[in-house]
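Protein chains: 2
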Amino acid sequence: MNKTKMQLLSSLVIPWLLLGCQQVTNTTDTSKSENSTEQAADANLRATGDLGLVIERATGQVQIVNHSSQQSLAQIDGLGDLSHASIVYSRDQRFGFVFGRDGGLTKVDLLTGKIDKRIIQSGNSIGGAISQDGKFVAVSNYTPGGVKIFATDTLELVANIPATELPNHPRNKDGSIKRSKVVGLVDAPGQKFVFSLFDSNEIWIADLSQSDLSTDKVKITKYTDIGLNPYDALISPDGRFYIAGLFGEDGMALLDLWSLDKGVKRILGDYGKGEKKLPVYKMPHLEGWAIAGNYAYVPAVGLHQVLIIDTNTWQQVGAIDVHGQPVFVMAQPDNRQIWVNFAYPLNDTIQVIDSKNQQLIKTLTPGPGVLHMEFTPRGEHVWMSVRDSDEIQIYNSQNFELLNTIPAESPSGIFFTNRAHQIGL
Amino acid sequence: MNKTKMQLLSSLVIPWLLLGCQQVTNTTDTSKSENSTEQAADANLRATGDLGLVIERATGQVQIVNHSSQQSLAQIDGLGDLSHASIVYSRDQRFGFVFGRDGGLTKVDLLTGKIDKRIIQSGNSIGGAISQDGKFVAVSNYTPGGVKIFATDTLELVANIPATELPNHPRNKDGSIKRSKVVGLVDAPGQKFVFSLFDSNEIWIADLSQSDLSTDKVKITKYTDIGLNPYDALISPDGRFYIAGLFGEDGMALLDLWSLDKGVKRILGDYGKGEKKLPVYKMPHLEGWAIAGNYAYVPAVGLHQVLIIDTNTWQQVGAIDVHGQPVFVMAQPDNRQIWVNFAYPLNDTIQVIDSKNQQLIKTLTPGPGVLHMEFTPRGEHVWMSVRDSDEIQIYNSQNFELLNTIPAESPSGIFFTNRAHQIGL
Numbered sequence: 001m002n003k004t005k006m007q008l009l010s011s012l013v014i015p016w017l018l019l020g021c022q023q024v025t026n027t028t029d030t031s032k033s034e035n036s037t038e039q040a041a042d043a044n045l046r047a048t049g050d051l052g053l054v055i056e057r058a059t060g061q062v063q064i065v066n067h068s069s070q071q072s073l074a075q076i077d078g079l080g081d082l083s084h085a086s087i088v089y090s091r092d093q094r095f096g097f098v099f100g101r102d103g104g105l106t107k108v109d110l111l112t113g114k115i116d117k118r119i120i121q122s123g124n125s126i127g128g129a130i131s132q133d134g135k136f137v138a139v140s141n142y143t144p145g146g147v148k149i150f151a152t153d154t155l156e157l158v159a160n161i162p163a164t165e166l167p168n169h170p171r172n173k174d175g176s177i178k179r180s181k182v183v184g185l186v187d188a189p190g191q192k193f194v195f196s197l198f199d200s201n202e203i204w205i206a207d208l209s210q211s212d213l214s215t216d217k218v219k220i221t222k223y224t225d226i227g228l229n230p231y232d233a234l235i236s237p238d239g240r241f242y243i244a245g246l247f248g249e250d251g252m253a254l255l256d257l258w259s260l261d262k263g264v265k266r267i268l269g270d271y272g273k274g275e276k277k278l279p280v281y282k283m284p285h286l287e288g289w290a291i292a293g294n295y296a297y298v299p300a301v302g303l304h305q306v307l308i309i310d311t312n313t314w315q316q317v318g319a320i321d322v323h324g325q326p327v328f329v330m331a332q333p334d335n336r337q338i339w340v341n342f343a344y345p346l347n348d349t350i351q352v353i354d355s356k357n358q359q360l361i362k363t364l365t366p367g368p369g370v371l372h373m374e375f376t377p378r379g380e381h382v383w384m385s386v387r388d389s390d391e392i393q394i395y396n397s398q399n400f401e402l403l404n405t406i407p408a409e410s411p412s413g414i415f416f417t418n419r420a421h422q423i424g425l
Numbered sequence: 001m002n003k004t005k006m007q008l009l010s011s012l013v014i015p016w017l018l019l020g021c022q023q024v025t026n027t028t029d030t031s032k033s034e035n036s037t038e039q040a041a042d043a044n045l046r047a048t049g050d051l052g053l054v055i056e057r058a059t060g061q062v063q064i065v066n067h068s069s070q071q072s073l074a075q076i077d078g079l080g081d082l083s084h085a086s087i088v089y090s091r092d093q094r095f096g097f098v099f100g101r102d103g104g105l106t107k108v109d110l111l112t113g114k115i116d117k118r119i120i121q122s123g124n125s126i127g128g129a130i131s132q133d134g135k136f137v138a139v140s141n142y143t144p145g146g147v148k149i150f151a152t153d154t155l156e157l158v159a160n161i162p163a164t165e166l167p168n169h170p171r172n173k174d175g176s177i178k179r180s181k182v183v184g185l186v187d188a189p190g191q192k193f194v195f196s197l198f199d200s201n202e203i204w205i206a207d208l209s210q211s212d213l214s215t216d217k218v219k220i221t222k223y224t225d226i227g228l229n230p231y232d233a234l235i236s237p238d239g240r241f242y243i244a245g246l247f248g249e250d251g252m253a254l255l256d257l258w259s260l261d262k263g264v265k266r267i268l269g270d271y272g273k274g275e276k277k278l279p280v281y282k283m284p285h286l287e288g289w290a291i292a293g294n295y296a297y298v299p300a301v302g303l304h305q306v307l308i309i310d311t312n313t314w315q316q317v318g319a320i321d322v323h324g325q326p327v328f329v330m331a332q333p334d335n336r337q338i339w340v341n342f343a344y345p346l347n348d349t350i351q352v353i354d355s356k357n358q359q360l361i362k363t364l365t366p367g368p369g370v371l372h373m374e375f376t377p378r379g380e381h382v383w384m385s386v387r388d389s390d391e392i393q394i395y396n397s398q399n400f401e402l403l404n405t406i407p408a409e410s411p412s413g414i415f416f417t418n419r420a421h422q423i424g425l
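Going down the list, the protein sequences come from chains A and B. The opening position of the first sequence corresponds to residue 1 in this note's numbering, with each subsequent residue numbered one higher. The opening position of the second sequence corresponds to residue 1 in this note's numbering, with each subsequent residue numbered one higher.
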């Protein structure tokens with residue numbers, strides 16, 4: 001492609017247009033102005049590989065951040081109730097899909113810094129996922145219970161999957177029969193969504209590659225009696241193992257997506273027993289499971305421990321004593337270190353475990369309300385939301401040095417755009 | 001100029017310029033014109049998460065491609081000798097760094113579609129890597145033997161690491177003492193580069209986190225007598241194991257970067273023995289090793305086999321018979337399938353292995369000269385360079401359907417921007 005055409009291509013932003021039109025009236029030094037317009041246009045181009053969104057829960061806002069410059073680029077408001085909000089990204093990393101607690105689904109444009117589209121798709125929702133090919137975004141709903149699937153380009157509804165009816169439960173306000181709440185929704189390879197039904201004790205797989213979406217017909221595989229009240233779930237980084245935590249009994253439910261005919265197995269029979277020993281301040285997040293090598297590092301329920309699970313046998317093989325009740329237990333991208341935050345009232349502290357010798361090696365005290373952590377894609381830095389000091393703290397993950405802080409109003413989740421390319425995120 | 005580019009230019013640029021300038025003369029409805037200016041400008045913004053570069057070796061060109069739209073966006077020429085060329089990406093995914101065989105290091109801007117900078121940094125080079133934090137790009141050189149490290153923003157030299165001198169070898173043309181060729185250069189966590197010295201049988205680690213780059217002083221750890229003539233190397237996806245293939249003897253050299261004090265171990269003592277059984281048409285690429293779960297799938301040398309290695313013991317535990325001498329053996333991002341291409345004269349074929357049961361499940365015949373494969377980030381598609389039919393073929397990795405082709409002149413390597421976020425790529 002020759003230079004002239006490339007200049008045209010390179011000049012497609014607003015400053016160029018303003019300057020470009022000035023050129024029409026000023027013909028004295030065309031070459032110079034062309035040059036500087038090009039530079040100005042280039043200076044305004046923004047790539048999307050090192051961006052992220054930070055949820056400011058209390059104010060219904062998100063901040064666009066850049067993790068190379070460690071700066072905030074923009075703040076966007078009007079996203080509704082962002083408690084427990086999470087975000088997935090389009091495959092080009094331009095758009096973030098923010099799942100709000102109020103049933104809001106907001107598509108945020110990281111290039112323009114604006115809301116591209118926002119819909120209220122249910123009365124009460126909890127998380128979502130984006131399909132392997134990036135064409136569909138799915139939301140798991142409490143009210144009405146079920147999953148709705150939207151086209152990522154338009155946010156138009158393409159499929160509605162009502163959950164199992166609960167005839168013995170009290171009816172909805174409008175007189176309709178209640179349906180099970182849906183939780184633990186993740187994407188899986190082969191253009192699938194996997195999710196759990198809290199009230200009807202099921203795990204379902206929606207296979208979009210085998211569905212006729214033009215008729216809203218989704219192929220569903222259902223596993224029943226998987227255990228009492230699955231409340232959250234995770235999928236292993238390779239997309240093979242789907243594991244649901246059980247609120248109604250001890251243990252967990254495991255589905256091997258490479259062996260669907262084998263059904264759901266019960267694992268870790270003692271998991272949750274700790275619940276009776278200490279008051280549980282917060283059920284740990286299952287998405288936070290760190291799977292590193294042959295081990296999963298798992299937050300104990302109601303105990304000051306991180307459990308070590310052998311992922312070949314799914315048996316507990318050890319436990320590491322930690323500062324408090326763990327909430328998120330997260331592996332660094334290179335799996336070398338495991339980072340842990342804690343439930344209230346011990347949520348001012350972060351601890352780091354060396355996965356080689358499974359020893360605690362560092363305790364940090366960022367301050368009250370450390371709610372979430374996010375690693376830069378190759379793991380050199382870790383960002384932390386410190387709610388009560390209204391800031392994000394950025395640490396060097398190798399020497400634990402505090403590198404920078406960014407002001408943010410009651411920050412909670414931090415989500416970087418490289419999640420676009422990871423299975424289950 | 002192909003149809004795509006014409007469409008891009010005619011649909012986006014020209015009407016836009018006319019509109020933009022008309023608005024300046026029409027001040028009756030400023031808000032509206034600002035709005036539409038903004039909208040049109042927005043329409044031209046480009047994110048960088050779903051882009052890639054394809055090397056057109058014969059003509060010294062690269063194509064910018066988009067793997068969502070499956071289209072070519074631009075062609076850039078003037079990149080010199082691109083045989084054996086490889087590419088790494090800046091952490092924002094805006095820039096590709098192209099390592100040419102002629103010592104050329106070219107920084108390509110994927111947003112403007114132009115060469116941002118190009119230098120000739122040695123007489124003969126073979127590959128490179130980008131540091132964990134994205135600030136440095138390193139090139140491994142044959143002539144003069146060594147590694148040069150450049151700032152990614154300016155391509156200014158920040159450190160020069162000459163390789164070991166070879167006093168007993170014939171001198172260089174200019175009378176200087178020859179130095180060992182450097183191969184198998186990769187990035188590793190902790191801001192490190194690891195590489196092998198072909199002629200002096202060494203593995204070196206350059207630790208930039210411990211270096212004083214202002215004085216060009218790089219902290220180097222050297223391992224000597226690692227085996228005869230390391231010719232290429234790989235690093236495991238978590239950045240822990242660095243493995244060099246040996247040209248001068250059988251077996252391989254393994255360095256566990258989590259246990260540097262243990263030194264380099266020899267593994268797979270029989271590896272390479274096949275060399276004597278059949279003429280070796282092409283030494284297999286080590287970067288192509290698929291590490292899936294507890295197994296590595298490894299191209300045999302000179303045999304029609306893929307070897308199965310247990311990564312806990314680094315012993316061979318099996319072999320799978322395949323169509324020809326494997327070149328690249330690549331795991332799909334979900335590790336479920338292993339894709340293999342072959343050396344001349346059987347290089348018209350691709351075979352797929354199911355990693356669950358380790359059986360061959362599919363044979364495809366894209367045509368002569370299938371040189372490289374690249375998966376979309378979550379693995380739903382695989383792109384193949386088919387050199388002799390001058391095209392890229394795009395397949396659905398689940399049902400093996402051919403989805404699309406893109407014209408390309410003698411395409412070789414395909415590199416998508418999500419590599420920016422993966423250790424060792």
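Because the hints were derived from the structure by calculation, they are not lab data. Mixed in with the good hints, there may be bad ones.
Repeated chains share a single entry, so a pair holds when one copy, or any two copies, can fit it.
[As the list claims (entries may be wrong)] Below 20 Å or equal to it, Euclidean Cα-Cα: the simulated SDA-like pairs (lysine to any residue) are:
hint	residue 1	residue 2
1	Lys362	Asn396
2	Lys265	Asp199
3	Lys356	Leu260
4	Lys135	Ile361
5	Lys178	Thr143
6	Lys217	Thr349
7	Lys262	Gln358
Going through the hints against the structure:
{"no.": "1", "hint": "Lys362 <-> Asn396", "result": "within (13 Å within a copy, 46 Å between copies)"}
{"no.": "2", "hint": "Lys265 <-> Asp199", "result": "within (19 Å within a copy, 54 Å between copies)"}
{"no.": "3", "hint": "Lys356 <-> Leu260", "result": "between (33 Å within a copy, 13 Å between copies)"}
{"no.": "4", "hint": "Lys135 <-> Ile361", "result": "neither (43 Å within a copy, 28 Å between copies)"}
{"no.": "5", "hint": "Lys178 <-> Thr143", "result": "within (8 Å within a copy, 73 Å between copies)"}
{"no.": "6", "hint": "Lys217 <-> Thr349", "result": "neither (48 Å within a copy, 37 Å between copies)"}
{"no.": "7", "hint": "Lys262 <-> Gln358", "result": "between (33 Å within a copy, 19 Å between copies)"}
Of the numbered hints listed earlier, those contradicted by the structure are 4, 6.
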